Amino acid sequence: MESEGKFHLIVVTLTVALMFAGITWVSTKTNLPAQNYLVSLSVSVLASIGTYFSTSRVLRWLLRRNKQVRRIILGPSYLDGTWVGYLVDEDKQVFLIVEQYEQDVDGLVIRGSSYNLEETRESRWVSKMCNLEPKKGLISYSFECVTIRRGITFEGFGDFQLCRTAKTEPAVEIQGLIYDFISSSENAKLVEEIKLESNVLEFEAVRKAKEFWRERAMNRGA
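Using my numbering, the first residue of the sequence shown is number 175, and each one after it goes up by one.
These aren't lab readings, by the way, just hints derived from the structure by calculation.
Nothing here was measured: the structure is a model prediction, and the numbers come from that model.
Mimicking PhoX-like on lysine-lysine, the simulated pairs with C-alpha atoms at most 25 Å apart in a straight line are:
#1 Lys309 with Lys369
#2 Lys369 with Lys266
#3 Lys241 with Lys302
#4 Lys384 with Lys266
#5 Lys382 with Lys241
#6 Lys369 with Lys241
#7 Lys369 with Lys384
#8 Lys310 with Lys363
#9 Lys302 with Lys363
#10 Lys369 with Lys310
#11 Lys382 with Lys266
#12 Lys384 with Lys363
#13 Lys341 with Lys309
Given the sequences, and given the hints that come with them, work out the whole structure.
The following block contains the structure:
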């Protein structure tokens, strides 16, 4: 089930449970005559609508403030947090990557930066549109990027595979390619990233990205 559908199902379930409990309690306290049943029904409908929207607002508030609630509701779609890794361009030059995935049931925004191996920032970007397909284990997004030194702005596109321990679990790694719209698709850049268990300061995230790159390079005999 998609995360938005799951969210609304939870809201409906909670609304039904709350309304049932409320009506049961009221019925034990009152004894309405037959002519008041229509009024009672109208009040119940209005109360149900109000309860639904109130429950939705409370649940969204919890989603914004509690990662565990987000993880439960988003399930295998859950990507929120800090991701670190590296990018290899067409000239085999390596850049470190730090990205922040900001996610709720309404969508996903990705904010990232690249760094050279001296840990100096080279560029930064933000996603414009994201397409997440948890059943297929895929994510793609378009982005706008700004280079720090030259101040050049360009757009690009990323296409990634989600690596998970099980289909029902959130991704722990992503692998894929990035294309920029100022060059050909033959100049695709390889990207590999892992998710950190907790958010860290920028310089710590950059160092963890470098550690990950070194580990992969050693495993490949580079």
